[in-house]
Amino acid sequence: MVARQNTIPRKPVASRIGHILLWLVLILAFLFYLMPIYVMVVNGFKEAANVSLSTMWSFPDNIQSGGFAEAARKLWPNMQNSLIMVIPATIISSFLGALNGYLLSKWKFPGADVLFTIMLFGFFIPYQAVLLPLVRFLQTIHLYGTIPGLILCHVVYGLPITTLMFRNYFAGVPTELIEAAGVDGAGMLTIFWKVMLPLSVPAFIVVGIFQFTNIWNDFLFGVTVVPNPASQPVTIALNNLSGSFSVDWNVVMAGAVIAALPTALVYIFLGRYFVRGLLAGSVKG
Amino acid sequence: MYRKQIVVSIFLLASLLLSACAGAATTTEPPAATSAGAEQAGGGKLEVFSWWTSGGEAAALDALFNTFKTYNPTAEIINATIAGGGGSNARAVLQTRLAGGDPPDTWQVHPGYELLGQYVASGYVDPITDLYKSEGWDKVMPAGLVEQMTKDGQIYGVLAGVHRGNGLWYNKKVLDEQGITIGETLSIDEFLGIANQLIAADITPLCVGDNGVWASAQLFENTLLGVIGPDKYKGLWDGSVSFDSAEVKQAMETYGNMLDYQNSDHSALSWDQAIQKLMEGTCVFSSMGDWAYGEFVKAQKKDNEDFGWVSHPGTAGSFMVVADGFVMAKNAPNKDNNTLWLKAIGSKEGQEAFNPLKGSIPARTDVDRAKFGPYHNWSMDSFAKDTLVPTVVHGSAAPADFQQALNDAVTTFIVDKNVDAFAAALVKAAQASGFAK
Amino acid sequence: MSTSELVKTQKDASTVSPPRSKRPWLSERLQSFLLLLPSFIATGIFVYGFISFTIYISLSNWRTLVRDMSLRQPLLANYADLFAMPRWQADLRNTVVFTIFFMGISLGVGLGLAILLDRKLFAGTVLRNVFLFPYALSFVVCGVAWRWIFNPEAGVNILFNLLGINPLLAAVGVGPLQPGWATDPTILLKVNDALALIWPAAGKLQVQFGVPVAMIPVAIAASWQLSGFVMAMYIGGMATIPEEVREAARIDGATEWQVYRRVLIPMLAPVTISLAVLLLHTSLKIFDLVYTMTGTGPGFATDVPAIFVFEMMFKATRYNLASAGAIFMLIAVGVVIIPYLTSSLRKG
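Chains as they are written, first to last, in the numbering used here: chain R, 1 to 285; chain Y, 1 to 437; chain V, 1 to 348.
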């Protein structure tokens with residue numbers, strides 16, 4: 001049975017008051033949720049001399065580029081680094097997760113579940129517990145300080161969660177499809193390629209957004225694995241915008257807005273699919 | 001059906017290609033230096049690692065690069081800077097690179113323990129004693145300074161500029177309004193008296209921005225110097241004076257008293273925001289090194305009109321050295337360019353170009369004073385005749401783990417003002433770090 | 001999302017593989033295993049291998065830049081040192097307090113918003129997207145804004161004046177509302193003295209156990225970022241509950257409020273459990289937000305284990321102590337996650 005949204009039949013006065021209260025709460029919540037973004041955007045537009053704590057709520061005197069021009073100039077190389085890192089990492093970890101999820105849900109061998117649970121634990125660990133040996137390892141294989149090294153980190157540590165999400169998704173795909181394909185003589189991988197992948201577009205979107213967001217926003221791996229500022233992702237560069245002894249706050253605020261833009265845009269344009277996916281049980285509910 | 005597979009395949013191919021391109025484009029490995037092509041004063045690379053990323057600092061670094069270019073016009077300079085935390089982020093990255101055998105050619109370093117205890121002891125740097133002789137630096141740089149970079153008779157670094165740590169800055173206009181004048185020196189009692197006067201007039205006396213805690217640790221270290229004097233202060237670092245001796249505890253009490261006069265939002269502000277408050281007049285004094293001077297300049301305040309300075313109460317006659325220098329990495333990929341770089345730093349032109357922009361004073365004593373403003377001339381006078389002492393807050397006087405322990409102990413003290421616990425914590429940390437019994 | 005594996009309300013029949021007799025079972029199982037092997041090996045190295053190495057470091061003497069891998073005697077001395085440090089004790093206290101506030105606020109607000117949005121509303125989708133939006137932003141990006149918002153001499157305190165709250169309070173004779181937020185070192189509900197009754201050493205602890213009020217703004221900021229996600233999960237969960245269930249309850253005479261309280265919320269219990277586990281493990285590991293927003297706070301009021309490990313590792317170069325801290329964090333997370341994982345393993 002498809003669940004519909006709750007529709008309450010209209011009732012008189014009590015529900016009117018309730019309705020007004022409802023909207024009051026929602027509007028307050030709306031303002032509260034937008035408040036920090038307002039602070040960042042408004043202060044990003046101010047001139048350096050005008051940005052101070054005491055005037056943080058006020059609108060800028062004149063809307064020029066303020067800190068945005070300089071922040072964009074400074075952060076653009078790092079935005080590129082982030083993109084070069086995030087896109088391959090997202091695609092590779094999603095694809096591997098899809099393959100793993102498919103195998104673990106449709107082609108289980110004895111002990112698969114146990115092995116998978118052991119792997120899943122890797123998603124929950126605090127990464128501080130692996131930083132030191134991780135760095136030594138990357139240095140040994142000459143990937144330390146490089147973006148491919150960072151991609152490797154994100155792919156490996158992203159495997160557990162992408163596998164889980166796809167496993168859940170594929171569990172919802174009826175086995176009959178596989179049997180039907182099997183009758184036609186298709187092997188395991190062919191079925192994956194021809195049958196499962198096309199079906200899993202919603203899951204790819206959800207997993208892709210999830211990974212994109214997490215990897216883009218990562219700080220710890222970026223700051224530890226890539227020491228060269230020219231190769232660093234934008235979250236670390238944002239931290240670098242604050243100089244060692246003195247800070248241009250309008251540039252920092254503008255930089256924060258710029259650094260947040262890609263994930264924000266993804267949510268604005270693809271968020272609908274993301275939520276729809278959640279609601280449709282693309283991640284099995 | 002097929003279209004989707006093609007799309008997927010293209011995606012995969014593209015991502016693999018992108019990774020490969022990324023790999024090719026961002027190599028931080030220095031090129032396998034076969035010829036090391038720097039026999040001639042031209043070409044080659046130089047990787048300079050520092051935490052000078054903003055405003056005046058970056059400009060000053062560029063000035064040094066320009067001086068270097070007069071020695072080697074065609075070299076490619078890799079400006080590897082990492083910001084944040086007064087260098088702590090950069091140090092972390094540096095340590096990791098050194099541990100992995102991938103050193104930059106040269107890096108920014110504070111003299112004293114940071115240089116000798118960390119990098120020299122671990123064998124990461126080469127001595128440059130010869131340069132001091134060949135460039136004549138041993139004649140123009142104060143012995144007290146060079147001493148902080150010497151171990152077993154070998155010198156391991158050259159300093160670009162010297163900041164003074166024990167300064168007290170004040171908003172002159174507010175003090176004038178209150179009828180208070182500050183003379184050449186200020187004793188602790190005088191300071192406390194003035195502070196009480198300000199409290200009576202409903203003005204916060206002391207501006208502190210200790211987000212990250214080091215600014216408050218700096219206030220403590222300055223006060224410590226002011227109370228026990230330079231000789232005993234130096235004695236703390238070789239173990240001859242103990243952290244729970246009567247004088248040190250007295251200094252801790254005084255520090256505790258001073259904290260009563262600070263602004264209530266100190267833990268939310270960074271040091272430069274505290275200076276901003278000073279300029280706005282909401283509080284009057286700030287104990288800070290002279291990198292604060294750059295803030296006044298940026299806000300176009302005038303020396304001795306809008307703001308003034310004096311040695312931190314009780315520390316007249318001492319100069320707390322917070323200096324920045326560079327080293328020669330062992331197994332530096334570009335040793336010859338590195339030598340030229342170090343020469344550029346120690347040269348008169350280099351120091352005269354770097355320091356006015358950085359806001360510090362040159363390590364050399366023979367520079368053209370006209371290039372520097374009133375504050376710096378005052379500082380250079382002091383540098384020439386006062387006792388030079390090392391700073392623990394900026395890594396010179398004690399090892400990194402003691403520094404951290406000090407920061408932690410200060411954090412706790414700010415809240416509970418427990419002098420005995422503070423002293424005991426420092427004694428324990430000094431023993432653990434190995435420089436006290 | 002990931003955790004809604006536990007929200008299975010119907011038996012999952014689709015992980016059963018095709019019938020044995022029709023396919024070459026052994027070779028396909030083997031093929032499957034081999035295809036999965038690289039992932040398992042990668043996890044083995046990057047997770048379990050590295051953790052083992054860190055455990056070794058946590059038992060060693062490595063405390064300066066010079067690598068010293070000899071084992072420290074007595075063996076667990078690093079852990080003893082760790083727990084004797086007032087700063088670490090404060091971190092543990094802070095983590096407990098943060099977790100309680102963070103989970104309480106996130107779950108409460110998330111559920112509340114989900115319920116409020118559980119109807120046809122004008123601009124309902126816009127509202128939902130606005131509430132979910134912070135989840136997309138990085139902690140570092142937001143920490144800067146929150147630091148300003150909670151600054152005691154600016155930020156929210158200015159709003160209290162502007163919006164007339166303080167004048168109102170003044171009219172009533174109560175003092176103005178000007179909390180110190182994250183700069184306030186006050187600890188409420190001090191329990192050291194009470195503890196000293198059963199455990200004498202507690203009287204001498206340098207760190208006061210109780211509720212550091214400075215943690216509250218941090219919990220608010222963290223909840224702001226994650227409550228949208230909680231809301232989305234509850235919305236998803238409610239969407240899977242068939243309309244018949246609500247109809248049945250209404251027929252039985254329940255008001256809307258009772259439908260929620262007696263029927264829907266209990267049915268959402270699996271979602272709540274999954275969310276609780278996710279939030280708990282996030283709060284144990286929290287780093288970026290606290291680091292950029294408040295640092296360690298006055299008297300370590302907002303310090304957390306992740307910051308401690310980071311500073312010990314990279315500022316103090318005390319690698320053995322930092323590793324001990326990291327391993328403790330791992331154990332804490334494990335205590336929460338392993339039962340969760342094993343129970344889901346057994347169920348499905």
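Treat the hints with caution; some may be incorrect.
Claimed, not checked - Here are the simulated DSS-like cross-link-like pairs (lysine-lysine), alpha carbons at most 25 angstroms apart as the crow flies:
{"id": "1", "chain 1": "Y", "residue 1": "Lys302", "chain 2": "R", "residue 2": "Lys74"}
{"id": "2", "chain 1": "Y", "residue 1": "Lys234", "chain 2": "V", "residue 2": "Lys190"}
{"id": "3", "chain 1": "R", "residue 1": "Lys194", "chain 2": "R", "residue 2": "Lys108"}
{"id": "4", "chain 1": "Y", "residue 1": "Lys151", "chain 2": "V", "residue 2": "Lys315"}
It should be emphasised that the hints constitute simulated quantities derived from the structure, not laboratory data.
Practice task
State the violated hints by number, sorted upward, taking the hints as numbered earlier in the document.
Solution key: 1, 2
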